[in-house]
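Note that the protein sequences, when read in sequence, are chains A and B. With the first sequence counted from 1, adding 37 to any position gets you the numbering used here. With the second sequence counted from 1, adding 207 to any position gets you the numbering used here.
Rather than coming from a laboratory, the hints here were simulated on the basis of the structure. Each residue gets a CB set at the ideal place from its N, CA and C atoms; glycine is no exception. Each hint can be trusted.
Covered stretches of chain B (in silico footprint by chain A; criterion: 3 or more residues with CB under 8 Å from a CB of chain A, positions within the stretch not fixed):
#	stretch
1	248-256
2	266-273
3	286-292
4	463-471
5	480-490
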Amino acid sequence: MSNTFNIRIGGEAGQGLVSIGSILLRAIAREGWYLFAHQDYESRIRGGNNYFQIRLANEPIATWVDKLDLTVSLDRATIGRARKNLTEDSLVIYDPDVFRNEELPFTPGENYIALPFAQVTEELGQPRIMANAVAAGAIWAFLSDDFSVLADVLGELFGRRGAEIVEGNQLVAKAGFDRVQGLASKRQKPARPEHPAERILLSGNDALPLGALAAGLKFMSAYPMTPSTGVTEYISRNGRKASVVMEQAEDEISAINMAIGASFAGVRAMTATSGGGFALMTEALSLAGSAEIPIVVVNAQRPGPSTGLPTRTEQGDLTFAVAMSFGDFPRAVLAPGDVEEAFYLMGDAFNLAERYQMPVVVLSDQHLADSYTTVTPFSVDRVEIDRGKVVSGAEGGPDYLRYKLTEDGISPRLYPGFGDGLVISAGDEHDEKGHLTEDGEMRRKMVEKRMAKQKLVEEEALPPVICGVEDPELVLIGFGSTKGAIAEAVANLNERGTRAQGVHLPQVFPLPASLEEILTGPGEKYVVEGNASGQLQALIASRFAWKPTGCVRRYDGRPINACYILNELKGGGACD
Amino acid sequence: MTKDIGFVTAKETAWCPGCGNFGILRALSRALEELELRPQDVLYVSGIGQAGKTPHYIAGNVLNTLHGRTLPTATGAKLANGDLTVFAIGGDGDGYAEGGNHFLHAIRKNVDITYLVHDNQVFGLTKGQASPRSDQGMVTGTTPAGVANEAFNPLATAITLNGGFVARSYAGDQQHLTRTIKAAVQHRGFALVDILQPCVTFNKINTYQYYRERVYDLDQDGSYDRTDRKAAWEKSWEWGDRIPIGILYQVERPTLADQYSGILTTPLVRQERDTAVVHALVESFKV
Ligand SMILES: Cc1ncc(C[n+]2csc(CCOP(=O)(O)OP(=O)(O)O)c2C)c(N)n1
Ligand SMILES: [Mg+2]
Numbered sequence: 038m039s040n041t042f043n044i045r046i047g048g049e050a051g052q053g054l055v056s057i058g059s060i061l062l063r064a065i066a067r068e069g070w071y072l073f074a075h076q077d078y079e080s081r082i083r084g085g086n087n088y089f090q091i092r093l094a095n096e097p098i099a100t101w102v103d104k105l106d107l108t109v110s111l112d113r114a115t116i117g118r119a120r121k122n123l124t125e126d127s128l129v130i131y132d133p134d135v136f137r138n139e140e141l142p143f144t145p146g147e148n149y150i151a152l153p154f155a156q157v158t159e160e161l162g163q164p165r166i167m168a169n170a171v172a173a174g175a176i177w178a179f180l181s182d183d184f185s186v187l188a189d190v191l192g193e194l195f196g197r198r199g200a201e202i203v204e205g206n207q208l209v210a211k212a213g214f215d216r217v218q219g220l221a222s223k224r225q226k227p228a229r230p231e232h233p234a235e236r237i238l239l240s241g242n243d244a245l246p247l248g249a250l251a252a253g254l255k256f257m258s259a260y261p262m263t264p265s266t267g268v269t270e271y272i273s274r275n276g277r278k279a280s281v282v283m284e285q286a287e288d289e290i291s292a293i294n295m296a297i298g299a300s301f302a303g304v305r306a307m308t309a310t311s312g313g314g315f316a317l318m319t320e321a322l323s324l325a326g327s328a329e330i331p332i333v334v335v336n337a338q339r340p341g342p343s344t345g346l347p348t349r350t351e352q353g354d355l356t357f358a359v360a361m362s363f364g365d366f367p368r369a370v371l372a373p374g375d376v377e378e379a380f381y382l383m384g385d386a387f388n389l390a391e392r393y394q395m396p397v398v399v400l401s402d403q404h405l406a407d408s409y410t411t412v413t414p415f416s417v418d419r420v421e422i423d424r425g426k427v428v429s430g431a432e433g434g435p436d437y438l439r440y441k442l443t444e445d446g447i448s449p450r451l452y453p454g455f456g457d458g459l460v461i462s463a464g465d466e467h468d469e470k471g472h473l474t475e476d477g478e479m480r481r482k483m484v485e486k487r488m489a490k491q492k493l494v495e496e497e498a499l500p501p502v503i504c505g506v507e508d509p510e511l512v513l514i515g516f517g518s519t520k521g522a523i524a525e526a527v528a529n530l531n532e533r534g535t536r537a538q539g540v541h542l543p544q545v546f547p548l549p550a551s552l553e554e555i556l557t558g559p560g561e562k563y564v565v566e567g568n569a570s571g572q573l574q575a576l577i578a579s580r581f582a583w584k585p586t587g588c589v590r591r592y593d594g595r596p597i598n599a600c601y602i603l604n605e606l607k608g609g610g611a612c613d
Numbered sequence: 208m209t210k211d212i213g214f215v216t217a218k219e220t221a222w223c224p225g226c227g228n229f230g231i232l233r234a235l236s237r238a239l240e241e242l243e244l245r246p247q248d249v250l251y252v253s254g255i256g257q258a259g260k261t262p263h264y265i266a267g268n269v270l271n272t273l274h275g276r277t278l279p280t281a282t283g284a285k286l287a288n289g290d291l292t293v294f295a296i297g298g299d300g301d302g303y304a305e306g307g308n309h310f311l312h313a314i315r316k317n318v319d320i321t322y323l324v325h326d327n328q329v330f331g332l333t334k335g336q337a338s339p340r341s342d343q344g345m346v347t348g349t350t351p352a353g354v355a356n357e358a359f360n361p362l363a364t365a366i367t368l369n370g371g372f373v374a375r376s377y378a379g380d381q382q383h384l385t386r387t388i389k390a391a392v393q394h395r396g397f398a399l400v401d402i403l404q405p406c407v408t409f410n411k412i413n414t415y416q417y418y419r420e421r422v423y424d425l426d427q428d429g430s431y432d433r434t435d436r437k438a439a440w441e442k443s444w445e446w447g448d449r450i451p452i453g454i455l456y457q458v459e460r461p462t463l464a465d466q467y468s469g470i471l472t473t474p475l476v477r478q479e480r481d482t483a484v485v486h487a488l489v490e491s492f493k494v
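All chains should be modelled from the sequences, with the hints used to inform the complete structure.
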């Protein structure tokens, strides 16, 4: 992976990091590079130290790296935090004015370039708020000789705010670009792809709602909670165009129950939340299980317990998401590993929910939610809509039974008002018609009918996604947002002569039966996951009575990358 | 036992003989008949409690949901299919205790549904504990020394929030209740009907006789102005020797569906995925 170039822009909350980030992402992608960008931010509105990190390459990449090639520091803290990731060749652009009369904690020179962002802006008669464009210009000088690409992007992103703002930003960005030219011209520019393909640039929090729209979402209700809020806001902004109602609820309990009401009436409905909000939704998930009402819930994980680390990442809700609620009922839990999977798995989530009339949880996390990648444009036509068994008109006549006992456990749905029959649903135990019953025999039949569906869900569980060699000596198994990190670790190992294989599980419940072949196949097995207790390991162990060789776990709130996995493997990765 | 009249379908119910719920069931049936509604076009979303069982005894579509969650569930169903006449039905515990937050926000949102609260001032199904509506001093399984808290006033709360239709009726007055339910259905927006409902088993204070002696019709002399919010709010506090029933307050406000007018001209449930729009949204991520 020598042809990747890694940039960090660090500063305080409120200094416009996301704005520089989006400008650069767009310019970089437009120039043909592939990229992976992730964000590290604190749970506050001003101050602190946040960064936006962009890794670009001449071939597709799916994770981040530690080593920084170029660091831009708008505040004082960024340099200190970046130090352990710097090498001899690393460059740091810093603002001398933020250190005022203090002694600099580094030696200025070839590797540390002073650029007084605010001062440059003011000298050009522009407001200080544009200082971040100076930084963007300076970064661009190390990527390209052609300033016009950046100028165009600034024009597009600020166009709505008028010509004066656009020109001001372009002016100061050019100043930043020119100021570092002396050094930049001596450095080799990152290699570009030979045949740049058409791509889109988006984050997990863009891809999930976009996938839901592609799947025919019609109703969403949610209560904001980081890091799921991006999903909710995307549908709020764009839902109307696709004729989707997105209603902000008074709490998560209301959010999921509204969505269940809408689904019962016959539309595809979802909600999105994070750990604590998901906990509030659990009673309603049980209702959906009992009343057999399809529902899709996106749970964007963040580190718990409790409100934990609101803006950071973890995969600590797996056990909880699988357990989901009280009582026995069928369910599925999906865990997209990247932006592309996030889009397409939403289609699977809705199809599963409607085919089996049950809740489906899509596990995201802050790392997937907030990370951007360049991918092949999604095909909306590839997202097939299967609404399951639904009757209307004569078939939904006066004899219609909402919970008709059938061989496969699936009773055809009728949307209320779409036939002469009446749709009677209840969370309390019910008979075939839907009326309440306490009859033991009927209860047994209804339990068996519901659980029969679980078997079918398992039969069509999504297969593991495999990378690396076919006859491994080492196998890394993970789910969700570790997909890219595992793939890169596997590539690294293979390059260095260890025959390695990566196994990503896009569906964590029910697990696909085919996983057993891998578990009992060749190679030492390590389970890689972002939690302390080894929740994926426990899940696999409970299903297949199996024990791995070892494990790699992370629970400091930071995302796993290839380097982390490789270091942990070297350190033994002791496993319980 | 209920007589098989109109919309009523049940031969048997899980209610105690003499329960105020029978009066509510009959009045609801009569109101639906008089409104000439088809059962297929009616949806009852109900909670858990003795009140929540009502929809199982009457013709229509039913979603018998969780304790306290009738309002959000009904809201979602109504937004998905505006062609349905949607009722939310539950007890005073369901609506004012477990679902209290939803009550506030359903009023604010002004979703076009009719909310029938079977207000027996007690938790019936769980066998007689205090509810937020229990009179002070009432001895129950959880308040052996008598209820200390002041009773919740749903009408004053709804009027405070500028609820569009705020009414009280009485399970023992068929005509009044039928008329009030009809008016509630015809009202465009969220319509609250708090129904005084004697619980013959667990509430020995607010009995049929108690109400017979106190309840009076607000509209009996034709002088009550239900558009005067301040007066309505004051009226909502009248309780004790005299208890007013009728529509305390009524005002037309934009409904929740009006916020989505561009989208909901055809009910959501009759709309398909707009592939071209989604495709354009994908394209918007091109660099
Ligand atoms: C989450 C939850 N908490 C508690 C209960 C137990 N519960 C069932 S009904 C009820 C109260 C019933 O009172 P009310 O809503 O006034 O209905 P009523 O039976 O009086 O008609 C309670 C506490 C429940 N079903 N669910
Ligand atoms: Mg009650």
